[in-house]
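Trainee: Sequence:
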Amino acid sequence: MNLQWFRVPRDIVFGSGTLEYLKQVQGNKAFICTGKNSMQANGVLDRAIGYLKEAGIESLVFNGVEGDPSLETVQRGAEIMKEFAPNLIIGIGGCSAIDAAKAMWVLYEYPGKTFYDIKAPFSIPELRKRAKFIAIPSTSGTGTEVTCVAVITEADGIKHPLASYEITPDIAILDPEICVSMPPHVTADTGVDALSHSFEAYVSTMANDYTDLLVLKSIKNIFQWLPKAYQNGQDINARTKMHISQNFAGMAFSNAILGIDHSLSHKISTKAGTTHGRCNTILMPAVIQYNSKVAGERYAQIGQYLGLSGSSEQELINALVTAIRQLNASLGIQPTLQSLGMPEDVFLSNVEQLAEAALGDPCTGTNPRKPTVAGLVAVYKAAYYGTDVTI
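In the numbering used here, the protein residues as written are 6 to 396.
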């Protein structure tokens with residue numbers, strides 16, 4: 006039996022003003038996990054607390070989650086959560102806040118476990134014995150509000166993706182009004198992150214008809230609407246399209262999983278001094294060239310769906326690589342890892358070790374081409390220097 010599945014949250018509430026849905030949720034104590042100050046500054050946090058109060062729900066706010074949520078922050082939040090004993094956990098803000106809240110949730114429900122007990126893919130035991138989870142994203146990128154993934158960063162700067170369908174939120178609230186205050190560079194970085202999710206899900210060894218449908222719609226929408234959201238953050242139509250498109254990408258990769266673009270990015274983005282999404286999209290042309298040796302037909306299908314010119318599979322792949330590079334340029338994204346400012350000697354002295362670490366990343370297992378350390382080094386070097394992958 007060839008068993009496949011498609012798992013998503015119970016409820017996805019979407020559209021302008023849907024933050025108010027919090028007035029309808031059931032519970033009596035809500036632990037709210039958020040970032041440093043953006044949700045407070047734009048009034049979203051106060052509105053959320055107010056809606057919960059109308060529902061008779063007491064709130065406790067844990068703020069200050071970093072851009073790359075640290076293990077230390079997760080452990081500290083879990084201890085506070087244990088004292089408060091909520092039956093609702095709400096992650097609100099960027100992906101870091103929601104990812105951190107997911108990890109805290111596991112340690113809250115299983116106080117005897119450590120992060121290292123749950124780090125192996127799909128090793129998290131059954132949740133929801135103490136609390137349910139609501140995710141409210143303020144960025145249009147990671148899709149974490151509908152995924153089985155949370156990325157946590159250890160003290161050495163290496164990112165570790167937790168993966169388990171147990172940490173898929175129960176409710177996702179997609180209110181594009183929350184995204185209006187996103188700065189252009191955040192709009193760009195998170196938007197291309199969603200694009201990388203769709204590309205990887207489409208060529209994944211676990212891709213299926215359900216994920217394909219979501220991926221293709223997501224890719225076309227992102228190419229159309231991300232530049233508009235980047236150019237005019239007040240364009241609520243562009244914000245709405247992007248918020249839904251990244252959600253489609255999230256549902257797709259949560260079921261099809263990802264590939265080496267994310268594996269490579271997980272290991273180098275912090276060292277390169279850039280965001281996860283920006284690193285993903287700089288790596289993507291080289292990843293496509295590397296994977297096209299076995300997944301060329303799938304990449305060509307994306308090119309055809311986007312209406313790119315090309316009369317052969319290779320021409321469509323080349324056009325797709327060019328389209329990604331052009332999109333990146335239109336969003337002010339650097340063309341190479343080198344142009345981010347990572348010194349060449351630092352890159353060369355670390356590249357093989359980074360490739361070895363990426364080979365063991367959980368995302369590597371569903372990559373369409375079985376990689377080698379030498380292959381991953383070649384991808385890193387192509388992305389660093391802006392050259393083509395030929396192996």
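Treat the hints as calculated values from the structure; they're not laboratory data. Just to be clear, a hint being listed does not mean it is correct.
As the list claims (entries may be wrong) - With a straight-line cut-off of 25 Å between C-alpha atoms, the simulated BS3-like cross-links for lysine-lysine are:
id	residue 1	residue 2
1	K58	K134
2	K87	K41
3	K137	K87
4	K375	K124
5	K41	K137
6	K134	K118
7	K164	K246
8	K164	K134
9	K87	K134
10	K134	K28
Said to hold, decoys possible - Cβ-Cβ distance ranges computed for the label pairs, FRET-style:
id	residue 1	residue 2	range
11	P188	N242	37 to 45 Å
12	T210	E84	26 to 34 Å
13	D217	F127	38 to 46 Å
14	Q9	A125	16 to 24 Å
15	N237	R52	22 to 30 Å
All residues carry an ideal CB built from backbone N, CA and C; glycine is no exception.
Trainee: Quickly compare the C-alpha distance for K87 and K134 to 25 Å and report which way the hint goes.
Mentor: Between K87 and K134 the Cα gap is close to 13 Å, so the pair holds against 25 Å.
Trainee: Given the proposed pairing of K164 with K246, does the C-alpha separation stay at or below 25 Å?
Mentor: Distance of about 29 Å is beyond 25 Å: violated.
Trainee: Just to be sure I understand the hint, the distance between the Cβ atoms of N237 and R52 should be within 22 to 30 Å; is that true here?
Mentor: Hint holds: Cβ distance 24 Å, inside 22 to 30 Å.
Trainee: Decide if the proposed pair is consistent with the structure: K375 and K124, CA atoms, cutoff 25 Å inclusive.
Mentor: 23 Å, holds
Trainee: Take the C-alpha atoms of K41 and K137, compute the straight-line distance between them, and say whether it is at most 25 Å.
Mentor: With a Cα-Cα distance of about 23 Å, the restraint between K41 and K137 holds, given a limit of 25 Å.
Trainee: Do the beta carbons of P188 and N242 sit within 37 to 45 Å of each other?
Mentor: Check failed, 19 Å falls outside 37 to 45 Å.
Trainee: Within 25 Å, alpha carbon to alpha carbon, are K87 and K41?
Mentor: 21 Å, holds
Trainee: Does the structure keep K58 and K134 at a Cα separation of 25 Å or less?
Mentor: 24 Å, holds
Trainee: With the threshold set at 25 Å, check whether the alpha-carbon distance from K164 to K134 stays at or below it.
Mentor: Judged against 25 Å, a Cα distance of about 28 Å means the pair is violated.
Trainee: How does the Cβ-Cβ distance of D217 and F127 compare with 38 to 46 Å: does it lie in that range?
Mentor: 23 Å, violated
Trainee: For the pair supplied as a hint, K137 and K87, confirm whether the alpha-carbon distance does not exceed 25 Å.
Mentor: 14 Å, holds
Trainee: Hint says 16 to 24 Å; check whether the CB-CB distance for Q9 and A125 agrees.
Mentor: Roughly 22 Å apart at Cβ, these two residues keep to the hinted range, so it holds.
Violated hints, listed in ascending order, are 7, 8, 11, 12, 13; each of the other numbered hints is respected by the structure.
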